[in-house]
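According to this note's numbering, the sequence shown is numbered sequentially starting from 17.
Hint data in this document are derived by calculation from the structure and do not stem from the laboratory. It is possible that some hints are incorrect.
Each pair of labels, with its calculated beta carbon distance range [claimed, not checked]:
id	residue 1	residue 2	range
1	E261	I205	32 to 38 Å
2	A152	Y372	23 to 29 Å
3	A129	E443	43 to 49 Å
4	E367	G433	27 to 33 Å
Where is the CB? At the ideal position from N, CA and C, for every residue including glycine.
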Amino acid sequence: MSQPDHPELAEAPELSEPVQPKVKLGIWELAWPSILTNLLFSVIGIVSIKIVGTLGADAVAAVTTGHRIFFALQAILMAISAGTTALVARAWGAEDYQEAAKVTSVSLWISNAVALLLMVPCLIFPYEIASIFGLAEGPTSLAADFIFYMSMFNLAFSLNMILGAALRAAGDTRTPLWIGIVTNIVNVILVYLLVHGLYGFPELGVTGAALANGISFLAGGLIFLYLYYSGRMKLAAGGKGSVTEGRVRQLVHIGYPAGIEQFVFQVGFIAFLWLVAFYGTAPYAAYGVGVQILSISFVVGFGFSIAGATLVGQNLGAGDNEGAAKSGWNALWLAIASMVLLSIVIATFAEEIARYLIDDDEVVRLTVVFINIMALVQPLMAIEFTLGGCLRGAGDTRFPLITTMVGLCGVRVGLAGLFVILDLPVEWIYAALIGDYVVKAAMLTYRFRSGRWQQVFLESEEKFASFDR
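Using the sequences and the hints given, assemble the complete structure.
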């Protein structure tokens, strides 16, 4: 396969040729575009909450529920994304650019097919899906509308996720950055116009917020597709022969634990929110507002997670296990320092920010409580984001699954359920998150320090060596 627009592909060695390239990109070079992309997404999310918040606590609760269900149903897509990151980064580190391109093509076909399948239940049973939270009729009905309209854009979400993950794994974090900027600008403009029906646009309320999100994904997906098939990406289209049994099996082998992890995470998250909903709409809305505010800190952790996963995968592909471990630890310390500093600022001005977003005294009070609790665990969250990402980048997707099952489902939901039974205030339910992050941080640190993750990918490669690639 030779394409003049992609010299990397033209110069790619045969699979049998050993290569030991040096990984030149640093953590910050990879992290800052991802951080900026996600930070912009968070700021736009806060603006959207502000706009939707003018409709009241029911509308905020509905959007919180709709987003949670939407991302719960995308668990399989996230699994494919995790497999894409690990395989593309590994191939790129080994200078096997043809394989990186073919893996991306396989991932895209599988992800798009899954996205279309996931759309069906959301179109047929949106109210039944939204009702599992046990909210009142008003917010449940609004959430059902949000889920219905968001699901129409599943395919666009798939394109953004897979092509963005593949580019980052190849070391190109700037293209997803500028596409993310365009996507978010489209989102905030449409939320502003469609929620309240300004400048001749229809007044759609919560449905308008769903359409704004979906159309913005569509805009980003179309840009990705144009760049991908016109040869203007660092990764070229894989071409004929990309979809083989070997690639599909290895992608599934690495990705399915991440898919189960996402499913477990979303189920645990829904169970936790269900327990919060026992206390009424105000605590539920406060949780949604608090998470949106704190997302400014979370995105830093996600940025270093992406950088760590990329460098770990590329270094392992280059045969540099020591460099892979060093990249992970460096990414972790940068994440901890950044997230702690941001959380201090957010906690200091928590009440002012919350009151800006929603004019409800009880929601504001509980939002401040939630933010203060979460500020305490920022170092632990940095460990989960960064080391969890590094393990997935190495292809070790099973251990993060175990960690999520123990921490989120066992500790967080278990403690929250106990506190509900004991009839403790909702502040105790929020505090259950502390136990969750303590356990997960301890488990992930132990795993990464052990170094066992360095052999996981090689084991999967040997397992599928007999299949046609």
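Here is how each hint holds up against the structure:
no. : hint                     : in the structure
1   : E261 to I205: 32 to 38 Å : 45 Å, violated
2   : A152 to Y372: 23 to 29 Å : 26 Å, holds
3   : A129 to E443: 43 to 49 Å : 44 Å, holds
4   : E367 to G433: 27 to 33 Å : 30 Å, holds
The structure shown violates just one earlier hint, number 1.
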